[in-house]
Amino acid sequence: MPPGGLTGRVIRANDTAIMTDTIAVTSLPAGVASAGAPAVFARGLTKRFGAVTAIDRVDLEVPHGTIFAILGPNGAGKTTLMRMLATLARPDAGAATVMGHDLLTAPGEVRGCIAMTGQFASLDEDLTGRENLVLLARLWGFRGRAAWARADDLLAAFDLADAARRQVRTYSGGMRRRLDIAASLVVTPGLLFLDEPTTGLDPKARQGVWRMIRGLASSGVTILLTTQYLEEADQLAARIAVIDHGRKIAEGTSRELKAATGSGFLHVTLADTGQLEAARGQLARLLGAPVQHSPEGGALSGPVASAVEANRVLGALTAAGIEIAGFSMGSPSLEEVFFALTGNAEAAPEEGGR
Amino acid sequence: MSERSNEPVSAAWVTIARVARPPRPSALSNALGFGWRAVLKFKHVPEQFFDIVMSPVMFTLLFTFVFGGAVAGSASDYLQYLLPGILVQTVVFNSVYSGMGLSTDLDKGLFDRFRSLPIWPLAPFAGLMVGDVLRHLIAGTLILAIGLVLGYRPENGVPGVVAGFALLVAIGFGFGWIFIVLGLVIRTPTTVMTMGFTVLFPLVFASNIMVYPTTMPAWLQAFVAVNPISLTTTALRGLMGGGATLGEVALALIAPAVLTLLLAPLTLWLYLRR
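Chains A and B, in that order, give the protein sequences. So the first sequence is numbered by the working numbering: it starts at 897 and just counts up by one. So the second sequence is numbered by the working numbering: it starts at 15 and just counts up by one.
Quick caveat, the hints were computed from the structure, so don't treat them as lab data. Just so we're clear, the structure is a prediction, and the values are computed from it rather than from any experiment. Every clue listed holds true.
Pulled a few chain A residues facing chain B out of the computed Cβ check, cut under 8 Å:
1. Ala982
2. Phe1016
3. Ser1018
4. Asp1020
5. Leu1023
6. Leu1031
7. Arg1034
8. Leu1035
9. Ala1052
10. Val1083
11. Thr1084
12. Ser1115
In silico DMTMM-like cross-links for lysine to aspartate or glutamate, where the CA-CA straight-line distance does not exceed 20 Å:
13. B/Lys57 to A/Glu1021
14. B/Lys55 to A/Glu1021
15. B/Lys55 to B/Asp119
16. A/Lys1100 to A/Asp1058
17. B/Lys55 to B/Asp121
18. A/Lys1100 to A/Asp1055
19. B/Lys122 to A/Asp1022
20. B/Lys55 to B/Asp65
21. B/Lys57 to B/Asp119
22. B/Lys55 to A/Asp1022
23. B/Lys122 to A/Glu1021
24. A/Lys1100 to A/Glu1127
25. B/Lys57 to A/Asp1022
Some residues of chain B that are not near chain A, with every Cβ distance over 12 Å (derived):
26. Val67
27. Ala159
28. Gly165
29. Phe215
30. Pro231
31. Ala236
32. Ala278
Here a beta-carbon is modelled for each residue, glycine too, at the ideal position from N, C-alpha and C.
Given the sequences, and given the hints that come with them, work out the whole structure.
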């Protein structure tokens, strides 16, 4: 930070100065860190690894007491963004407050009010589940019996009481994940970071983790999670930020994101997948907009203004010799939203659940 | 979330969310927490005793009975010379374990959690050191016991052995930093071990642990004379067997002191920078 440099400057959302690449790392003015500040308030956060810009001038505002999802494909920069906000990586430019504390000048205070559950279970596999939690309770300052009591409360809340005395190496994926999240709650954080909380879990275990996340949020913990599953963001989050190639390309509620893509979407299922390319070209021309097809094959979709227009398009398609097995109109799925935002079907996150 | 939050706020979650935050613990308390973890590791992974004790036992038996007669005239005379050296070798080789454990912890993301806690930054390393010291004391005691059975006699008695073990812990502590630094830099635990032994093998064998340096070529004798492993072995022989001078002990302590002064700050820097 330049000595005495930019600390007094008020940084606004649309301040063009912070949109440039040359900006030095600054700290936010004290006024921003006041009581009314959101849980996370970031402006122009940037992280470079050599020549690669992993995170490119991202602004973020996470209100208190909500679940906020960062949605994006693998390699979009979700984890890097989260690690910066959790003080584990230093931004190359930009500024942020987390729980009212400046990320750069008061990382210790930030650490005091956050917890992070990384993508891979950060547990000691040799120890039992209970010992893992007791170790963390002791590190937080619980003494003697209070540390064991706290561990047992957490194990009970996360349905792990039966496995408490087993070594973590014997746990299933879902149990590890739950213990890992429990380990982040030894002292209840104001803000909990969850990096891909259900990646690699089977649907039943995923439901279990979702239930825990909702339970936590209902008790007042702000949760910032990353996910590559549209369904997960849709199910859990009040607000969703979509990240691609290190940039935030959209943000809003699930409903707003869908609305921004266009109110109506026409979905067409082909009788013969051999006609896919021909149908795609026809449809794009008729709709005057890019058309996407589902990875499963014979289904195409694109934005359409009205039922009358949909009728016209379907008529023209049939007239052109395309056989249609079925069609429907409705609002776009998040996957279609993502496609519309990135314009890149390959980068679209997979649908959750499996 | 809002329209979907059909889950009632259960009592369990209220208990979890409404805990009173305890006062921030002292650095010592943090270090003791990690020390407790090291002790638990001994309880849950008892096979590590096999790792840390078997090779020195083999070395002791092989060298005493195979080379003892050739080197020192008789197996019993040689054991008197060899055993303090084997103790040094054991401690130095076992100092690799902390680095391997650290590399594993980093690889598994465990240190990311520790690092995001508001704790004394060096506490996790203090915990590793506690594990090291315990490992050195346990391994040292077992090797000494086998030595006693085979006929080794520490002429200086219990005070000599106690002083000797203090020196062993000091040298293990110093060398431990090398592998903690390697553990921080290298991602795979097995590479830490391989690199460790690549460095340690020449140091341990080009020393006065196994043979009298007088039989070596002059250039090698020059190295052996200043090798910290030799200096430690000489001091340990003196402390346990008699005839140690203050100068010898001081020379032996130079290496651990220098290693700690240089590598402890480097460790902290590497750790905080990651």
